[in-house]
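For chain E, the structure is supplied; the task is to place chain L on it using the hints.
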Amino acid sequence: MTLRASVDRDLCIGAGNCIRLARGYFELDSEDVAVVAEGADASAEDLQAAERACPASAIVVENVSEANNGG
Amino acid sequence: MATPERIVIAGGGVAAQRCAFKLRELGFDGTLTMVCGEASAPYDRTLLSKDLLAVEPPSIELTLEPAPAYGEAGIELRLDTRATGLDPHARRLRLEGGDETPFDKLVICTGGTAQRPRALVAPGTLVLRELADVAALRDALDACERLIVIGGGFIGGEVASSAAARGLAVTMIEALPAPLAGALGPEVGARVASLHESEGIEVLAGTAAHGCAESANGYEVTLEDGRVIRGDAVVLGAGMAPATEWLAGSGVELDDGIVTDAGCQTSAPDVLAAGDCARWWNPRYATHMRVEHWDTAGRHGATAAAAALGEEVVFAPIPFFWSDQHGVKLQYVGYAPTWDDVQIDDLDPPRSFVARYQRDGELKAVFAASQPRAIAAARRELAATERTI
Numbered sequence: 000m001t002l003r004a005s006v007d008r009d010l011c012i013g014a015g016n017c018i019r020l021a022r023g024y025f026e027l028d029s030e031d032v033a034v035v036a037e038g039a040d041a042s043a044e045d046l047q048a049a050e051r052a053c054p055a056s057a058i059v060v061e062n063v064s065e066a067n068n069g070g
Numbered sequence: 000m001a002t003p004e005r006i007v008i009a010g011g012g013v014a015a016q017r018c019a020f021k022l023r024e025l026g027f028d029g030t031l032t033m034v035c036g037e038a039s040a041p042y043d044r045t046l047l048s049k050d051l052l053a054v055e056p057p058s059i060e061l062t063l064e065p066a067p068a069y070g071e072a073g074i075e076l077r078l079d080t081r082a083t084g085l086d087p088h089a090r091r092l093r094l095e096g097g098d099e100t101p102f103d104k105l106v107i108c109t110g111g112t113a114q115r116p117r118a119l120v121a122p123g124t125l126v127l128r129e130l131a132d133v134a135a136l137r138d139a140l141d142a143c144e145r146l147i148v149i150g151g152g153f154i155g156g157e158v159a160s161s162a163a164a165r166g167l168a169v170t171m172i173e174a175l176p177a178p179l180a181g182a183l184g185p186e187v188g189a190r191v192a193s194l195h196e197s198e199g200i201e202v203l204a205g206t207a208a209h210g211c212a213e214s215a216n217g218y219e220v221t222l223e224d225g226r227v228i229r230g231d232a233v234v235l236g237a238g239m240a241p242a243t244e245w246l247a248g249s250g251v252e253l254d255d256g257i258v259t260d261a262g263c264q265t266s267a268p269d270v271l272a273a274g275d276c277a278r279w280w281n282p283r284y285a286t287h288m289r290v291e292h293w294d295t296a297g298r299h300g301a302t303a304a305a306a307a308l309g310e311e312v313v314f315a316p317i318p319f320f321w322s323d324q325h326g327v328k329l330q331y332v333g334y335a336p337t338w339d340d341v342q343i344d345d346l347d348p349p350r351s352f353v354a355r356y357q358r359d360g361e362l363k364a365v366f367a368a369s370q371p372r373a374i375a376a377a378r379r380e381l382a383a384t385e386r387t388i
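So the sequence lines, in the order shown, correspond to chains E and L. Be aware that the first sequence starts at 0, since it is given in numbering that gives the first Met the number 0, and climbs by one per residue. Be aware that the second sequence starts at 0, since it is given in numbering that gives the first Met the number 0, and climbs by one per residue.
So here's chain E without its partners, still in its complex pose (with noise of 0.2 Å):
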């Protein structure tokens, strides 16, 4: 399974919890605002973790191992 997440920047509000569930995947901007890193690699275990945590919603993970074994 191949997880990929965004960050709705409307929701965030900079709470950092997923920096640190899911380290190296996440980076808050100069706007305090979370973005996903460039390069950005995590385990689906670690993704979930920070969708769960995300006090403001603002996480979403999809999975896109379907598109990758469709291209």
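Simulated from the structure, these hints should not be mistaken for lab results. As the structure is a computational prediction, the values presented were derived from the model and not from experiment. You can take every hint at face value.
To give an idea of the chain L side of the interface with chain E (calculated C-beta under 10 Å), a few residues:
hint, residue
1, K49
2, P57
3, T62
Each computed EDC-like pair below joins lysine to aspartate or glutamate, with the alpha-carbon atoms no more than 20 Å apart:
hint, chain 1, residue 1, chain 2, residue 2
4, L, K328, E, E61
5, L, K21, L, D103
6, L, K328, E, D7
7, L, K328, L, E198
8, L, K328, E, E50
If you anchor each label on the Cβ, the simulated ranges turn out as follows:
hint, chain 1, residue 1, chain 2, residue 2, range
9, E, R22, L, E311, 32 to 38 Å
10, L, E24, E, D40, 25 to 31 Å
11, E, M0, L, P65, 24 to 30 Å
Idealized CB from N, CA, C, for every residue including glycine.
Positioned in the frame of chain E, the structure of chain L alone reads:
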């Protein structure tokens, strides 16, 4: 004021941890010590009542920073060491075991402890506040068929939710007319009750638990109205009390928490406070307030770091908290100790709704289930309209 050379942080929660790392980020290069009462390095307390109670907890990083980060940042982490007293004039913090540590600045972030009303404590009654409480609670859930949760607040609600997900029969006892009715009012509280009930939890609201005793095969909780509820285990979710008893006689002003100004300064020179233990002046609302919210506590700790280094700071956040119950994200933003109107939009109750609390026609707070976008909009609305200085 001369730059402090030695800063001590009493406490080991998120406020303490954020304060310590913020001090280094701001360039403080003196001696920095954290005195933590718990045996674990600072961790994410919000996960205790959620992920960690699952039958098979996910392997997630609990610590806020990996252990080596403290050494690398030159932060001395003294675990399993509670602060026991303070002499603000001599600038010395007394520690468990009789040791003392001097400071130029002290930041108190000792958080709180779980309330244990005497009448409700029987041998084996469980609480959940610290990581050390988790093992016993997990053992009880593993062995239990019928769980009694006393208190319908956030800890009670999350524990009940986790237990229901395990397939246990759960009874929740709440003294108020509905869970969370104190903060949200009875109508919105009723929706929270419905959420629990829709997942099979029995909610007994409007009657307080009166006593708790071990019985031949479990526990018996007696209610005020005389009913007796039986279960295999009892979890007490009776709220927390600020951990400030160790400051009695120190001269630091206490009033349900450590009283500070908007800049984290207590009544004692060179002693600051932040997080769940602090009752601070929030100029946004022109009132002293104490909140027990994870996100606020972390930001408070970071603010206290700047204050300890002599920066003029004003801590004026809009309170925010969240809870995960039965797969529903419950969120609250704002400050509404009283209101004269609550507008409820039932989108798909009880799993999805929005409640807007107003006073004199002005929005004061919003509570929502599964509606993060409504919360984000409310946050912007509140930030734009509320007074601040």
